[in-house]
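*Asks:* Relying on the hints, combine the two individually framed chains into one complex.
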Amino acid sequence: MGLIVLRTAVIFVALLAVMRLMGKRQIGEMQPFELVITLLIAELACIPMADTSIPLLYGLISMLTIFLLHQVMLLIDLKWKPFKTIVGGKPSVVINKNGVDISQLKKNHLDLSDLIESMRTAGYFSLDEVAYALYEANGQFTAMPREDAPKENKVSLPVLIIDDGKYCERNLMLTGTTRKFFDDILYEQKVKTVRHVYVLTLDGTGKIYMQCKGEKFRTFRIKLPEGSAW
Amino acid sequence: MVKTLLSIFISLALLVGAAVFETFYVGAQFDKFGDALEALEIKVRDESATRGDAEAVRELWETEKKNLHSVIPHNDISYIDYWMGEAVSYIETKNFDDALSKIEVLITICEQIPQTYSVSFENIL
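Taken in order, these protein sequences are the chains called A and B. Residue numbering for the first sequence follows the working numbering, starting at 1 and increasing by one per position. Residue numbering for the second sequence follows the working numbering, starting at 1 and increasing by one per position.
Pulled out of the complex, with its shape left as it was, chain B reads as follows (with noise of 0.2 angstroms):
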């Protein structure tokens, strides 16, 4: 009887434990990235962005997507760096009109991967 009751708790405990760490976290990771590419989009607008400073973006994205793989599947990470991959490549030719509808894209999915995780009635069915 103990054992059970030890066994709901602390299991119960990993599961709230693990869902709101993957709330915040995920959350928090696309709303660094997303306000990095929305500094991007910028200076896309501006006509006035680098290859550096797409490759500046793509870095930090390397770097989250690393700890992302284990919370969200892995073809949404795909996603990402497939549009990403032509963003770099429109700045880098200079080709901002493509680049900027590459980057509203990339900031579109930003804000929807964390809501397509998020607990709600929609989400669960």
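In isolation and in its complexed conformation, chain A is listed as follows (with noise of 0.2 angstroms):
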């Protein structure tokens, strides 16, 4: 039993450790500890109840042991705040003053689509409608909008020209633009090549979203080409 308890200590630790360091792109809506105890309880409970040559009261003496482990977690989590950092993680930042936080984007293994996915299921459709985005530390997406957020009259939904240096062809197809229109938007703005490009979005009123590595976001509108929309 003794050797039932530690090796279900050791294989929850080894999960949680794996859990926090895959990022909140594999969390949803739990904390770390709790999505490891929900994975491990289920098979728990199956092997001993499906293998009749293995004693249930091993999968109860694990069972037992992941309860102890998860009041454990929540006494830390009430009275050892440091320590509820390292174990549940903390809020990640991925959108601030400056624009996306790109940094804090890959720490969690999110990339642009991800964000653009979580602020779309949050309600925003446009990069520069929220003044701050963050991943708790559950995963759960929270935006605070932008007072001054613009407000279009003409409902458009925007998509991403640019996506990390290089450009979506699919969405070019969409929005009837060319890699030419937007080389030379670029060159207008004073950007050498795509390739400085993190993010670029254009809606259906001409409005560009643009935000270079390590620069603020900068928003502009342009003339869009004759018959494009979408």
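Heads up, a few of these hints could be off.
As the list claims (entries may be wrong) - Here are the simulated lysine-lysine pairs, DSSO-like style, with alpha carbons at most 30 angstroms apart:
id, chain 1, residue 1, chain 2, residue 2
1, A, K97, A, K190
2, B, K32, B, K43
3, A, K81, B, K66
4, B, K66, B, K32
5, A, K180, A, K166
6, B, K43, A, K79
7, A, K107, A, K90
8, A, K84, A, K97
9, B, K43, B, K66
10, B, K3, A, K84
11, A, K90, B, K3
12, A, K216, A, K180
Unchecked claim - Per label pair, the in silico range of CB-to-CB distance:
id, chain 1, residue 1, chain 2, residue 2, range
13, A, N96, B, M1, 45 to 51 angstroms
14, A, T38, B, V2, 25 to 31 angstroms
15, A, V18, B, G17, 27 to 33 angstroms
16, A, M30, B, T4, 16 to 22 angstroms
17, A, T38, B, M1, 21 to 27 angstroms
18, A, A45, B, V2, 40 to 46 angstroms
19, B, S101, A, V18, 44 to 50 angstroms
20, B, K66, A, A45, 22 to 28 angstroms
21, B, A56, A, L21, 57 to 63 angstroms
Unchecked claim - A few chain B residues that don't get close to chain A, going by computed Cβ distances all over 10 angstroms:
id, residue
22, T23
23, G52
24, R58
25, G85
26, I107
27, I109
28, L125
Think of the hints as simulated: they come from the structure by calculation, not from any bench. Please read all numbers here as calculations on a predicted model, not as lab measurements. Ideal Cβ positions, reconstructed from N, Cα and C, are used throughout, including at glycine.
*Replies:* Printed below as a string of structure tokens:
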């Protein structure tokens, strides 16, 4: 039994470490240790139940160990803040007043499409609509709208044109634009090459949201080419 | 808070209790069975063992295994049943050489099983 307790504890700690290293992408509205417990409990209950060669007591002991670890984690969560950060992580501010925080996204193994998806789920379709956006320790996305967010009269979905220094060919086709069209815009904006651009989105009103790597975001309007509508 | 602390202490006490009980209980059961096997081994070496002696050891094992089922995997118990059955039949047919090898295996299993469940670095990993 002592062996089972220790083995369960080792697996618990290992799984918890892996979940923390995987970043917020793997967590869905649960604290990392809660997710680990959910993963373990199902297996612990099933194996002795289905395999008659294993005494049921093994499953019960493992589950009791998980319960003990859960209670210990809860206690630590309440009483010892530094450990809480180690075990549960801390919120990551992925959009701030300068725009998208690339380092925070990378730290959590997220990319721009994940961020845009989270924003859409939260009801924001343009990156400049929010002043701050963060992924909570449990992986939930929270956004604080900008008070001076531009109110567009024309409803139009912004599409991603440049994602981490690369053109999205599908969206170029969708918007009826070309690489040359955006290369000229980048030249006007004094951006040497597309590789320097982390994100560039375009909406149907001609509004562009652009952020170069290591710089603050900027928004400006362009005249859309003839027949460009989506 | 009090409820959490209480649940921690109760579950910890249950786990420690179960671990201590298992260590001593499994060890004691196999010690007893191992002693019986060693006595049978001496008789087999002297070629004086009878089916009655072997059956007595098997009966002891049958009694012990009922309790051991809840703490050790049933496959381990089946191995002992298998080797024990062979030893009994060899003793009955006075094939003492083969019976001796079966009893040696049983003695080794009796030494190994409690070690398999002991808390040690190699067992944890």
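*Asks:* Would you mind marking each hint as holding or not holding in the structure?
*Replies:* Hint check results:
1. K97/A with K190/A: 22 angstroms, holds
2. K32/B with K43/B: 17 angstroms, holds
3. K81/A with K66/B: 49 angstroms, violated
4. K66/B with K32/B: Holds - the C-alpha atoms of K32/B and K66/B are around 15 angstroms apart, at most 30 angstroms.
5. K180/A with K166/A: The given pair, whose Cα atoms are some 13 angstroms apart, holds under the 30 angstroms limit.
6. K43/B with K79/A: 65 angstroms, violated
7. K107/A with K90/A: 12 angstroms, holds
8. K84/A with K97/A: 28 angstroms, holds
9. K43/B with K66/B: Judged against 30 angstroms, a Cα distance of about 27 angstroms means the pair holds.
10. K3/B with K84/A: 20 angstroms, holds
11. K90/A with K3/B: The hint holds at about 27 angstroms.
12. K216/A with K180/A: 24 angstroms, holds
13. N96/A with M1/B: 45 to 51 angstroms: 37 angstroms Cβ-Cβ, so the 45 to 51 angstroms window is violated.
14. T38/A with V2/B: 25 to 31 angstroms: 26 angstroms, holds
15. V18/A with G17/B: 27 to 33 angstroms: 32 angstroms, holds
16. M30/A with T4/B: 16 to 22 angstroms: 19 angstroms, holds
17. T38/A with M1/B: 21 to 27 angstroms: 24 angstroms, holds
18. A45/A with V2/B: 40 to 46 angstroms: Roughly 29 angstroms apart at Cβ, these two residues miss the hinted range, so it is violated.
19. S101/B with V18/A: 44 to 50 angstroms: Holds, since S101/B and V18/A (Cβ atoms, about 47 angstroms apart) stay within the stated range.
20. K66/B with A45/A: 22 to 28 angstroms: Because 26 angstroms falls inside the window, the suggested range holds.
21. A56/B with L21/A: 57 to 63 angstroms: 58 angstroms, holds
22. T23: 7 angstroms, violated
23. G52: Holds: least Cβ distance 32 angstroms, greater than 10 angstroms.
24. R58: 22 angstroms, holds
25. G85: 19 angstroms, holds
26. I107: 23 angstroms, holds
27. I109: 16 angstroms, holds
28. L125: 8 angstroms, violated
Hints 3, 6, 13, 18, 22, 28 from the list above are not met by this structure, while the remaining hints are.
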